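Enquirer: We have chain A; now place chain B onto it with these hints.
Chains as they are written, first to last, in my numbering: chain A, 731 to 829; chain B, 10 to 294.
Heads up, some of the hints might be wrong.
[As the list claims (entries may be wrong)] Simulated restraints, written as ranges between beta carbons of each label pair:
1) Gly261/B to Asp760/A: 45 to 55 Å
2) Ala807/A to Gly280/B: 51 to 61 Å
3) Ala773/A to Thr201/B: 21 to 31 Å
4) Pro805/A to Asp28/B: 40 to 50 Å
5) Ser742/A to Asp220/B: 28 to 38 Å
6) Ala228/B to Ala773/A: 23 to 33 Å
7) Asp128/B to Ala773/A: 27 to 37 Å
8) Ala72/B to Asp745/A: 22 to 32 Å
9) Asp745/A to Val195/B: 21 to 31 Å
10) Asp220/B to Pro809/A: 38 to 48 Å
11) Gly113/B to Asp745/A: 44 to 54 Å
12) Gln147/B to Pro809/A: 34 to 44 Å
13) Asp740/A to Lys58/B: 26 to 36 Å
Keep in mind that the hints were calculated from the coordinates and are not lab data.
As the structure is a computational prediction, the values presented were derived from the model and not from experiment.
Glycine included, every Cβ here is placed at the ideal spot set by N, Cα and C.
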Amino acid sequence: MCGAPAQDLDLSGVDLSKEAVIAGVVSRGDDPVPGAYVRLLDATGEFTAEVPTSATGQFRFFAAPGTWTVRALAPKAEPVDRTVVAALGDVARVDVSVG
Amino acid sequence: MPRNNVLVDAEWVEAHLDDPKVVLVEVDEDTAAYEKNHIRGAVRIDWKKDLQDPVKRDFVDQAQFEKLLSEKGISNDDTVVLYGGNNNWFASYAYWYFKLYGHGDVKLLDGGRKKWELDSRELVEEVPARKATTYTAQAPDTSIRAFRDEVVASIGVKNLVDVRSPDEFTGKISAPAHLPQEQAQVRGHIPTARNIPWSKAANDDGTFKADDELRSVYAGAGVDLDAKDTIAYCRIGERSAHTWFVLHELLGQQNVKNYDGSWTEYGSLVGVPVETGAGQTGEQA
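In isolation and in its complexed conformation, chain A is listed as follows (with noise of 0.2 Å):
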């Protein structure tokens, strides 16, 4: 789930090599889902952030390198956990798909 930014993520302005990204999309079936609610949670549950999805089901952290869970909240879907992991210079991408 590391690695190169994906080309459909748009990070322009950002300078990866000070930065622990999380991004990806929130997706229900084939489509992307704007105006979820994604929040980031640390290592140990505690609240850390939320963003709403953008236009095209994007959203987007500066994170401390670690462990991480991303919960995305959208209308009529029981809320999705996912484990990333973030490091310095890097994107950790987490896609996640709600019912």
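Expert: Quick look at chain B alone, frame taken from chain A:
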């Protein structure tokens, strides 16, 4: 204090969408959210442009608040229902202003914009036209606002509740990862403060937890709300307004103030004590 005096749910709002004495007000950190859509009939208050003094570092004074509410078409006897994004952080911050300037009937929409969206309720683009009023504000009630000198004198004396995330509290980071960095000069927290993140008071959907759960959050962190006066702070005073709402409005603790100068002020003061690390939280750094 009964929570339905200060908090309403989406069904209540939907039932009052056409009530002329109920004014919905959206307050967001992302001030473009309102332009995209909003609850029908809602007006917007911009937390920065409308609520901060344009020159000095302070929020709007009594006359500026009167002018703002008059322009927004809000009357003294209107029921004002505030809601917004970020789990109602900025709506809580505005709520605190309405109380500070003595508005009679003001409430928060539980869960704010997030729960409304997650419930797939109606949002519209149309901006309502409200006739201007002549609003009269009261002198600011400073029993709910703490200033820096009181905060410094409260170290080891009053309950200091730091509602930022654990990483901000310990000094690892200076602001939440998704926000612009209004910076203090140093990182850390006020000595003797307990770290009880605002998020402990809210459910995932942004609604407030039940009263008994809320009481146990603070008691469990060693904060005796009855034994001592309490001051809540965060980075710029909006998340601590959320906690102030919990303590003062939901739990009815009258001896609670919001320190809106918060860490951006305290962490820039010369000569005051600062603590880093886990402090008295007992939690890991």
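Enquirer: Each hint should be assessed against the structure and marked as holding or not.
Expert: Against the structure, the hints:
In this structure the supplied range 45 to 55 Å holds for glycine 261/B paired with aspartate 760/A, their Cβ-Cβ distance being about 50 Å. Between alanine 807/A and glycine 280/B the Cβ separation comes to about 52 Å, which falls inside the hinted range of 51 to 61 Å. At about 26 Å, the CB distance of alanine 773/A to threonine 201/B agrees with the hint of 21 to 31 Å. Restraint check, proline 805/A to aspartate 28/B: a C-beta distance of roughly 26 Å breaks the suggested window 40 to 50 Å.
For serine 742/A and aspartate 220/B, the Cβ-Cβ distance of about 46 Å falls outside the hinted range of 28 to 38 Å, so the restraint is violated. Distance hint check: the CB atoms of alanine 228/B and alanine 773/A are about 25 Å apart, consistent with the given range 23 to 33 Å. Roughly 31 Å separates the CB atoms of aspartate 128/B and alanine 773/A, a value that falls within the hinted 27 to 37 Å. In this structure, alanine 72/B and aspartate 745/A break the distance hint of 22 to 32 Å, their C-beta atoms being roughly 45 Å apart.
For the pair aspartate 745/A and valine 195/B, the supplied restraint of 21 to 31 Å holds, since their beta-carbon distance comes to about 24 Å. Hint check: aspartate 220/B to proline 809/A, Cβ distance near 24 Å, so the stated range 38 to 48 Å is violated. Roughly 50 Å separates the CB atoms of glycine 113/B and aspartate 745/A, a value that falls within the hinted 44 to 54 Å. A hinted range of 34 to 44 Å holds for the C-beta pair glutamine 147/B and proline 809/A, which are about 43 Å apart.
Under the hint 26 to 36 Å, the C-beta atoms of aspartate 740/A and lysine 58/B, about 28 Å apart, fit the expected range.
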